[in-house]
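Colleague: Sequence:
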Amino acid sequence: MNVSSIAKVRIHPAIGVARVGNSEDEYFIGPELPYPTPQQLGFYKDPQGKLKRQAALFRLYAYDAKGRVLGEVTANDGAIEWNVHVANKKAAWYDFDVALDIPEATANNEQSQIRNAAFTGGDRAKLVIDPGPRSISGKNAPAVPFDTGEFVGTKVYLGELRTDDAGRLLFLGGRGVSASFQADTKPVTFANNDGWHDDTSDGPVHATVTIGTTTYDADPAWVVTAPPNYGPDIVTPQTLYDVLYDTFAGGFLPSASAKTWTPSFRNDILPLLQQMVDAQWVNAGFLNAFGWEAPNDFTRADLINRLSKPKPAHGDDPYRELRVQIFNQLRVPPAPTVMTGQNPIAWPPLYGDAFGNYYNSPRVYFTVTATKFTLFQRWSEGDFTDDLHESDGHVTRVEKLPLELQPGTLDMAALHWCMGGPFHPGCEMTWPMRQLTMYRDAFRLRERPATLPEPDFGPVITPAIINLSNGPLFWNGPGDITRWMAVPWQTDTASCRAGYTDWPGDPLPNESFIPSFWPSRVPNDVLTEEDFEIVVNAKLPLDDRMHAFYRRVRWLRSFHYDGPYIPQINRMITEFGDLGVVEARENPNPAADPFPRVLYVESAPTVRAPKHLLLAAREQAHELRPNADFTYVRFGGLGRR
1 MNVSSIAKVR
11 IHPAIGVARV
21 GNSEDEYFIG
31 PELPYPTPQQ
41 LGFYKDPQGK
51 LKRQAALFRL
61 YAYDAKGRVL
71 GEVTANDGAI
81 EWNVHVANKK
91 AAWYDFDVAL
101 DIPEATANNE
111 QSQIRNAAFT
121 GGDRAKLVID
131 PGPRSISGKN
141 APAVPFDTGE
151 FVGTKVYLGE
161 LRTDDAGRLL
171 FLGGRGVSAS
181 FQADTKPVTF
191 ANNDGWHDDT
201 SDGPVHATVT
211 IGTTTYDADP
221 AWVVTAPPNY
231 GPDIVTPQTL
241 YDVLYDTFAG
251 GFLPSASAKT
261 WTPSFRNDIL
271 PLLQQMVDAQ
281 WVNAGFLNAF
291 GWEAPNDFTR
301 ADLINRLSKP
311 KPAHGDDPYR
321 ELRVQIFNQL
331 RVPPAPTVMT
341 GQNPIAWPPL
351 YGDAFGNYYN
361 SPRVYFTVTA
371 TKFTLFQRWS
381 EGDFTDDLHE
391 SDGHVTRVEK
401 LPLELQPGTL
411 DMAALHWCMG
421 GPFHPGCEMT
431 WPMRQLTMYR
441 DAFRLRERPA
451 TLPEPDFGPV
461 ITPAIINLSN
471 GPLFWNGPGD
481 ITRWMAVPWQ
491 TDTASCRAGY
501 TDWPGDPLPN
511 ESFIPSFWPS
521 RVPNDVLTEE
531 DFEIVVNAKL
541 PLDDRMHAFY
551 RRVRWLRSFH
561 YDGPYIPQIN
571 RMITEFGDLG
581 VVEARENPNP
591 AADPFPRVLY
601 VESAPTVRAP
611 KHLLLAAREQ
621 AHELRPNADF
631 TYVRFGGLGR
641 R
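Quick note: the sequence shown uses the numbering used here, first residue 1, plus one each step.
Careful, some of the hints might be misleading.
Pairwise CB distance ranges (calculated) [unchecked claim]:
id : residue 1 : residue 2 : range
1  : ALA370    : ASN109    : 19 to 29 Å
2  : THR148    : ASN109    : 32 to 42 Å
3  : ASN305    : ALA107    : 41 to 51 Å
4  : GLU533    : THR106    : 49 to 59 Å
5  : TYR359    : ASN305    : 39 to 49 Å
Dumping the calculated SDA-like pairs for lysine to any residue here, alpha-carbon to alpha-carbon at most 20 Å [as the list claims (entries may be wrong)]:
id : residue 1 : residue 2
6  : LYS8      : LEU403
7  : LYS309    : ARG320
8  : LYS52     : PHE28
9  : LYS52     : ARG175
10 : LYS50     : ALA584
Just so you know, the hints here were simulated from the structure itself, not pulled from any lab data. The beta-carbon is built from N, C-alpha and C at its ideal position, and this holds for glycine as well.
Can you build the whole structure from these sequences, using the hints too?
Modeller: Here is the structure:
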């Protein structure tokens, strides 16, 4: 790297994602590549069976005056000082009732009440966990904790900073500790539990780099601490990267419009098809619709070969009708009519932002982004590139990519493993992330100046308030991304499942496995270790093995899934780290076996379900029971507390 050519230094990823875990000491570095790189079995748990934290790793890259990447900057090149400021403002923010940017919220003048309204004036500062900024420098620096912030007088640990052997920044978030300042208070709803806090957080990441006699202020980034990922190799049908890319199209990324390039089958079409297939390992409805040997099994070589053939230059287009049939399965974004928006089994079969609030809305079910829809439309017409058999370019480490691709890949990978909806409110981040005003550049959040304090928005927040020029969607400070999420996060994670019934206007007369919310991060139905051993045992009758393959059981079965709701969400607070993680396992008989070469299997939960619950779950694997208590608590009263 020619040091004299350095014009700018930037931090990547632009938005880094850490995740909580209840392991005291062990952690792993979050994905730096936008495709699965399976780990050894048991990788995500420590020897005591506790869930490891996911650390966010930040790197520095130098650029020349023309924006070309010169190389990664490490502590071997000069002195690096990192400065990070995270906070948790959930308890001092507003209830989540519905995404305030959807048209129905504006039309109905939605009003979300302030949380913990009994705290007024200066006392509201007691609800903000803000330890202040922390700095770190050097190689392999010891932990610098964020441990001085308080929640109503009690100190709360929000994580720590470390560095690696090259001086890169490692940020570790909290350990999943959620509590109330009122000892006898239990959470009662999915998102808005007064008196409670958790230890997620977010905030800006800064760095200064001194090389020789020149000091560079690096282009800042952001870090977000999110809940765990229980399906670490499963890519959701719509990623947060998809959403942000669509947001920036025509703005920060004018070339991102799907109308400006010819779609690639491998890069633009196949991923969504594959992601719906992958969801078979975390949801039984996806298994039956898209899974192994299902009607829409897009891993079948003969089917994929046909789908990858564009319209020929001359003569008939033999596969046009097949492409059109698949394209017509997608809901039309932004679902302009109730008819297209309310088809529960259109693709992807997920709930939408309006579900639970506006049952007549065209957004009651999920739609892909406008960019993705346009790409599929052009594909259906035969206008795309057949690159199915080209090399996928996959590597095992980001350093093995061409230098010019490394920064963008880091930006993409961090968001690729986050959910791009439905935002009710979501897994990692929620609906404000799709607002262009939140950003100063592509993927880089706009940081609020220290000299510009946020105004008091009053006892309620409305669609009109969020659009103020100095409103909450224009500037971002420590804690301002995660404050829109559920408090505590465990209650939402334990609540958002699949196949609800008995809600107004339900078009499905009986419960089903789909639609679902976020199965790629929060599994609904899983293949157990016990059934996996049956599936891959070639000595057993094929019928027994087939039955075991399709016998998916509830991931939350140990919480008495069909029992009362409130005990379930409370158990999640203390037992979230004991749940199984869906991990890749090789089929030992790939050549002579009819089953997939790789199966994704739930690791044994640390606290296993009582035997009678496990047996009941297996017997009911193809039958869902009504759960009026659960449905009422989460969605009764249009989704409010």
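Colleague: Each hint: holds or not?
Modeller: Here is how each hint holds up against the structure:
1. Checked against the given bound of 19 to 29 Å, the beta carbons of ALA370 and ASN109, roughly 26 Å apart, stay inside it.
2. Judged by the Cβ atoms, the range 32 to 42 Å given for THR148 and ASN109 holds: they are separated by roughly 40 Å.
3. Taking the beta carbon of each, ASN305 and ALA107 are about 47 Å apart, inside 41 to 51 Å as hinted.
4. GLU533 and THR106 have their C-beta atoms about 53 Å apart, which keeps the hinted 49 to 59 Å range intact.
5. Checked against the given bound of 39 to 49 Å, the beta carbons of TYR359 and ASN305, roughly 41 Å apart, stay inside it.
6. Using a Cα cut-off of 20 Å, the hinted pair LYS8 and LEU403 holds, with the two alpha carbons roughly 16 Å apart.
7. At roughly 9 Å between alpha-carbon atoms, LYS309 and ARG320 fall within 20 Å of each other, so this suggested pair holds.
8. Of the supplied pair hints, the one linking LYS52 and PHE28 holds, its CA atoms being roughly 7 Å apart against a limit of 20 Å.
9. Among the hinted pairs, LYS52 with ARG175 is consistent with the structure: their alpha-carbon atoms are about 9 Å apart, no more than 20 Å.
10. For the hint linking LYS50 to ALA584, the alpha-carbon distance of about 19 Å falls within 20 Å, and the restraint holds.
Every hint from the earlier list agrees with this structure, and none is contradicted.
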